[in-house]
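K.L.:
Residue numbers (the working numbering), protein chains in the order written: chain H, 145 to 306; chain G, 517 to 841.
None of these hints come from the bench; they were simulated from the model.
Every residue gets a Cβ at the ideal spot worked out from N, C-alpha and C, and that includes glycine.
Heads up, none of these hints are tricks.
Pairs of lysine-lysine, BS3-like flavour, derived with a Cα cap of 27 angstroms:
#: 1; chain 1: H; residue 1: Lys147; chain 2: G; residue 2: Lys706
#: 2; chain 1: G; residue 1: Lys733; chain 2: H; residue 2: Lys234
#: 3; chain 1: H; residue 1: Lys240; chain 2: G; residue 2: Lys593
#: 4; chain 1: H; residue 1: Lys147; chain 2: G; residue 2: Lys624
#: 5; chain 1: H; residue 1: Lys151; chain 2: G; residue 2: Lys706
#: 6; chain 1: G; residue 1: Lys706; chain 2: H; residue 2: Lys149
Residues from chain H that keep clear of chain G, each with C-beta distances beyond 12 angstroms, as calculated:
#: 7; residue: Pro167
#: 8; residue: Phe168
#: 9; residue: Gln182
#: 10; residue: Val183
#: 11; residue: Cys188
#: 12; residue: Ile189
#: 13; residue: Cys191
#: 14; residue: Gly209
#: 15; residue: Met214
#: 16; residue: Glu233
#: 17; residue: Ile254
#: 18; residue: Gln256
#: 19; residue: Gly261
#: 20; residue: Thr262
#: 21; residue: Cys266
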Amino acid sequence: MFKGKIKEARICFAHPRVTLKYPFEPLEPPDGFRGRIQVDVEKCIGCGGCGNVCPSRLIRFYDEGDRTRMEFILDRCTYCGRCADVCPEKAVTMTKEFETATDNLEDLYIVQELYMGTCNRCGRCFETENWIDKIPTRRHREGALFVGPAMPHAKPVGEVGG
Amino acid sequence: MHSTGYCQALEKAAEIEVPPRARFIRTIILELERIHSHLLWLGIAGHIIGFDTILMQAWRIREPVMWLAEEITGNRKLYGMNIVGGVRRDIPAELHPKILEVMDHVEKETRAVLNAVVDDSTIRMRLEGVGKVPNEEAIAHSILGPSARGSGVAIDIRADHPYAAYAETGVNVIVETGEDIWARTVVRIKETLESIRIVRDALAMMPRGPIQAVIDKPIPPGRVACSSVEAPRGETHHFVITSEEPRPYRWKARAPTFQNLQVVPLAILNETIADVPITLGSFDPCFSCTERVEAVDVRNGQLKVYSKRELEELSRALTRRLRGR
Ligand code: SF4
Ligand code: SF4
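Next comes chain H alone, as it looks inside the complex (with noise of 0.2 angstroms):
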């Protein structure tokens, strides 16, 4: 009858104490944890992307002339991490924060308005900021434009963009 009783008093007294101290004290999740969402709206080139994969439909955009608002209302976030998957600019990502509750839901909202140049040809948007542009030494395109009549054997290869 005690056999057991003693096995398992054996395994209480050899795990005295196993609880963590949070929330006193700190807790870091391990790397790649799937915590609140975050958007940086430098790379963001609205794409529209993460709103088409989002399960909740969550991440809303409205396009507002030349201006697209995004609207992030995080209140319904599953963290499944699909929005940081398929951005191509790696503007959303997941943090390692998982304390998110709030009694103001406004806390959770992430709104971003965006300029979005659009094509005089073809009518479609195009990221805002030039690829050059985005080089920090920009001025080194100035010394490199030809100037003068262009090289005879440098023919155009076809219409871009469309």
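Guided by the hints, dock chain G with the ligands onto chain H, whose structure is given.
P.N.:
Same frame as chain H, but now just chain G with the ligands:
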């Protein structure tokens, strides 16, 4: 587990071949889930019979499995590992020693607990001969999972219709013939040990290669497919009809609890009230899987069937109310 079922059904419908490495990763995740689920159940069963030592110890053993899942998938639960055509994250080689270490820990501790409870006469008095489901009743009611295996019915989807990488790792179906709560308890503890074996073997056998299939054409509409997965509680089926849109036309998931609960009246027949909670608990019921709603107008007894649009509007109104706007 449900996501595996759903993805497998869609993969069948669209004839997508899942790369072998992804199948092994799915098996590892499914077994990690079974290990933590059975330990969770063990703790709750202890709690129901007023023996909280088991609750504390089982959950202490379980916790490293949760941390491991967090490290592999990015979350303790709701792993989000599956995607149609494979899995979203790899299990890199650096993680293998850690996984094996956790498996060793869980195995050692689970064996110690099994050893202790087997010799504990109080627990056996509470569980032996209580909540009996005779073998033929288990078959007649088609009960599933550990509940059936505790009544001597050797059914297990992993062995009967192998999916993911179970054909490669093999599964030893654990069967006990006690037909009582004790038998269901022993089945679950032994299954935990078997799951640890499967995780180890799957890690060792896991081939290199891609973890997602390349899906270059749309999923054809109008295809019908069904897939079955052995959840910790028993078999789960997912049924899908594909559509023109990028979402299913119909999708139905059937979890095992509703089926298992049908046998509870029989199991509690002629038992004392004090044995009812643990008898019910021994089937590891998930009540949210069992919730079914019928809207009846009390004035005239008329059944109301809601259309998709009506349900959508109701839930939108609720969201608006919760948000206070
Ligand atoms: S994590 Fe998932 S649910 Fe949350 S915003 Fe991203 S895609 Fe939507
Ligand atoms: S997927 Fe990335 S780049 Fe595209 S809209 Fe979303 S945040 Fe912006």
